[in-house]
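From the two separate chains plus the hints, produce the assembled complex.
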Amino acid sequence: MAELTETRSIPVAVRLRPVEWARRHLFGTWYDAALTVVFGGLFVYGAVWLIGFLIRSDFEILRVNLALFMVGAYPRAELWRPAAATVIVAALIGYVAGSASAAAQARAEEAGLPFHRARPKEVVARFWPVLAFIGVVLLLTSTPTPWLVVVSALIAGVVGYLAGRGQPAPVRRFAWVWSVGLVVVAYLVLTGSGIGWDRWGGFHLNLFLTVAGIGLAFPFGLILALGRRSSLPAVRAVSITYIEFIRGVPLITLLLMGIFALGFFLPQQLRPGDVTRVLVAIVLFEAAYVAEVVRGGLQAVPRGQVEAAQALGLSPWKTTRLIVLPQALRATIPAMVGQFISLFKDTTLVVVVGLIDILGASQAANSQPEFLAQGLHEVTLPFVGLAFWVGSYTMSREARRLEKRLGVGER
Amino acid sequence: MTVFADATKAKGEPIIELEGVDKFFGSFQALKDINMKVGRQEVVVVIGPSGSGKSTLIRCINRLEKHDRGRIVVDGVELSDDVKNIQEIRREVGMVFQQFNLFPHLTVLDNITLAPREVRRMPRKEAEELAMRMLERVKIPEQAHKYPGQLSGGQQQRVAIARALAMQPKVMLFDEPTSALDPEMIKEVLDVMVELAESGMTMIVVTHEMGFARAVADRVVFMADGQIVEVGTPEHFFTDPQEERTKLFLSQIL
Ligand SMILES: Nc1ncnc2c1ncn2[C@@H]1O[C@H](COP(=O)(O)OP(=O)(O)O)[C@@H](O)[C@H]1O
Ligand SMILES: [Mg+2]
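So the protein sequences, as listed, match chains W and Y.
Converting from the first sequence to our numbering requires adding 1005 to each position, the first position being numbered 1.
Converting from the second sequence to our numbering requires adding 1 to each position, the first position being numbered 1.
Check before you lean on any hint, since a few could be wrong.
What the hints assert, rightly or not - The list that follows gives simulated cross-link-like pairs (lysine-lysine, DSSO-like), each with its CA atoms no further than 27 angstroms apart:
# : chain 1 : residue 1 : chain 2 : residue 2
1 : W       : K1350     : W       : K1409
2 : W       : K1323     : Y       : K67
3 : Y       : K147      : W       : K1323
Just so you know, the hints here were simulated from the structure itself, not pulled from any lab data.
Isolated chain Y, as found in the complex (with noise of 0.2 angstroms):
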């Protein structure tokens, strides 16, 4: 796994990097100064306080949010505020929000055929061979034809999971995708995301599974106060973490 993951590091081409990032929320500021690259097929988990800011930084990797000042780079395209370039942007990033957000009208199969039809322009049986292939990889094909309302909290999110890989991403975001979960459910949807990092998916992952961070992370980055305070490597921080406000949040959280 490791060896894997220095691999990796080795190639170092940077597929996002964020330059002097600001984000205001009127006054008050929810990012300050972020400089972050993530490489190619890396796993970088984003952890910190509530409120620190981890949600807004990787809403602004796929412009849910706008940020007010720095930099933004995804896959060698600047983020602008062409609609044009946001759209390339948000094809080529998947996202898993807590909530899971599946489309309730829709069933599992049309909420993950919906995005490859409608933007991709895949042709419906294409699009419904590749649904079911994201499907197993999530291991739910037997939930196809159901409505999210019909699934458990685990199984909605590993289809969110598959909704987003079916629009094949380079760069796969998650906003804490266990923390609305049932402790029974945590785990299928962590081995899911576990396999994905094996199979090279570049991630940034907000959570605080510390065993997920320490079994496929490259690399940890600790944020407070809309500040990156911290970069490590799992191991750092689990042995020798720098900063207090870093000890202060690790003894909170293990």
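This is chain W alone, in the form it adopts within the complex (with noise of 0.2 angstroms):
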């Protein structure tokens, strides 16, 4: 039945006119008209809305406040850290997509597909967001310094991609070793002079806390998730308990634990910092949903592959690592994807243990003497808003092209 509809619609390449378009498409019946009527003039009046807020709005607080924004209570003095480790960061991102690059290249020749090579507009076209809101950020700039480090990112990360893409095969094969030591190095410039995690703030802060907390609950859960499936009853019950003990409490109470209870249970010296209590309750909460997420893909793995595996004489922990988790973590990318999108956003709770985040810093600034109470959040809010809607925007649609690229749902 597909075949002989394929064969009477041949599809044929008319050019309409806007206007002919328009009447087609848009105007076709009287409810499709109906709906572009409403629909038409909900965006015109969305789109005048937001025109005349950005004309009547006063951006001042934003301007006067971005490093608070961005790095919350960072010692003002000592700023090239945060500013340094973003070039590292970019350079480091340049790095592996370069290498990334390199290896599905190589890949793809080897199996003689073809290997199409990622286009500069392509790259704009997919990180819009992220480049738009540097270029919202750039707009609020009252300083040169965000250019010079928005400048020196970028060459970091065309420099980075270069040589991610250029270096030879058997450098590439460690390029993971070569990441990591650009995250330590990161971490050391932002670290020195004694400044720990516990005095950074703003949006640093949250993507500090989501990019830990994603590493370090990701192992914890992928371990709750095997020892739920473990042959031993023990191991079985502790991981079970867990997850659905963390799973029945709210993120919010954790956290509030983090802060005040954990006081309670260690002494004075060892107590740490509220930054790594929030953390460890994040990793904590977070590491039960990854658990479950990675459940279902444990779940999606058939049954014949662990036999398979099995008949060849590999060891139950290699048909673990080398057969089911490869296909399990596959199939839980749009899952754990989800899930990371939704710790981004929930970072912003750590306001309620006090700590500065972003929205903690719209808060701060919403109480200067110079704005409070003029209604400024209508400015703040929509720019922590917007950080986190590309954020969020960029990491889906991201996952949705690994997910295609790996083939997630096809077998």
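Right, here's the structure in full:
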């Protein structure tokens, strides 16, 4: 049947004039027309409101407090540190992308498949929300420093990418070593002069909590998920109890417990700082959800895969590591990214325990004497929202790409 | 062909022995007092109605299922609960499944080199050379760098055979290797299996392809309700089956 319709409606490339196109697609029937009018009206209203908002509002509060929004209470004399770290991270991202691209090309060539190398235009189209956000930040700057940071970061990203692409294959094999090295360098730069995590803030804190939260919760969650399937009843019981307990408790409760209760259990000198405690709470919380997501992925791997691996003589651990997990984790990409996006947004909950993340910064800015009680939440909250939207939207788009590339759902 | 088979049978030395094997799933008995010996280089075809325990039987030989009573000895090693011992036997016994069970996230080459590298600790280069030889044996060396999903069913099953052969097993088990294939692909897989049999591989094959049985089987085993009902040469089954159930079954599949 599908074939019949296919042969009948051979697509003809007709280029309609705009008026013709609109008549056909927007006003084809009376309800099409009604919907067009209603939604067109709403769209115009929204656009007019947005333009009015942009003209009417005074963005001084953002301009003055840009550093507060970005890095919180990080010592102002040491601002070069987050700046340098940003540049290093940009180089790291470029390097990882370049290495991945080179590896993908090598694989494609080996398999005799075509390889499409991303063009700059496509990269811009892919990451336009991030670039737009950087643009907004630059529009809000009153000093040349952010420009310097952005330009350096862009250059570092490109250089990193070219290095990743151009490195000889034997060097590329250790790409993860170089990457971890860059992370360590960025960390050392950020924490130099004794500025530990506990003095980090602003959007930087949100990003840190997200990345560190993911990085630490992922292996922990993986172990819990495997523990839940263990053949040892004790391991299984511990895993299930943990997962079900944590999933029954709101994150905010754990955050409060991390801040207030952790203090009771630990002696004064061992008591970690606030950010550390919050991070512990986040990791404990997130791991339970990661475990559940991974469990779903593990269940999606057919029994026959394990049997084939066993029949080849692979040990249970190698079967899990080489056969089950790679397939299970691929199958979990959509759910995992969803989980991490919600963690990203949930990091704003640290406001309730008194940390100054980007949301806390917006509160703080609004209580500064010169901006107090002027309804400037109307300006700061959209900015905060924009920052999160850019991050979330980019993550979900990248996840969809990855999903497609790895062929999740097809076997 | 038959001369070849007779010659090997003359050796007589069994590589697989099952003695009084019982297998239960809960209270359901899937195997009842199975006694069977397979000689080196012998080809045994197992037939029988669906649910008669054919898969269970061969899955007990490499411990994908654990038998509950009796003894199973593979190449002089008795199957026990000892993990080392199970792994040792699995290294020597290759298995080909009805659903191929190739690893979809690995290329054909990686599917084949995985076990030699990870289990036999073979260096990558050597493993890849071995894999290419195996792919030539199953006549698809040009597919080495593709993923299983890019291959036809017949090609996938041949890769699965190559993957098992790369461990250089002493015995190959086949569980209905052509049942999931489109008719036009059955022959390419059977051809590979016939060549394998003629090269002297010991094989236990669950299949209803009686042409294959006639061509290479030394013995045919007919199972029903978890029991071995009748054993004989292919000729015996085609011309002179003794049991009523055998006759009934053969009349249905031939
Ligand atoms: N994992 C299992 N759990 C419970 N019953 C099973 C299981 N595997 C097989 N059986 C049962 O054992 C019997 C034999 O199955 P099987 O060996 O697969 O038969 P065959 O391969 O001859 O079709 C069938 O009745 C089947 O339902
Ligand atoms: Mg079966």
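Verification of the supplied hints:
Between W/K1350 and W/K1409 the CA atoms are separated by roughly 25 angstroms; this keeps the pair inside 27 angstroms, and the hint holds. Taken as a hint, the W/K1323 and Y/K67 pair is honoured in the structure, with Cα atoms around 21 angstroms apart against an allowance of 27 angstroms. Pair hint Y/K147 plus W/K1323 holds up; C-alpha atoms about 23 angstroms apart against a cutoff of 27 angstroms.
Hint compliance for this structure: every hint is met.
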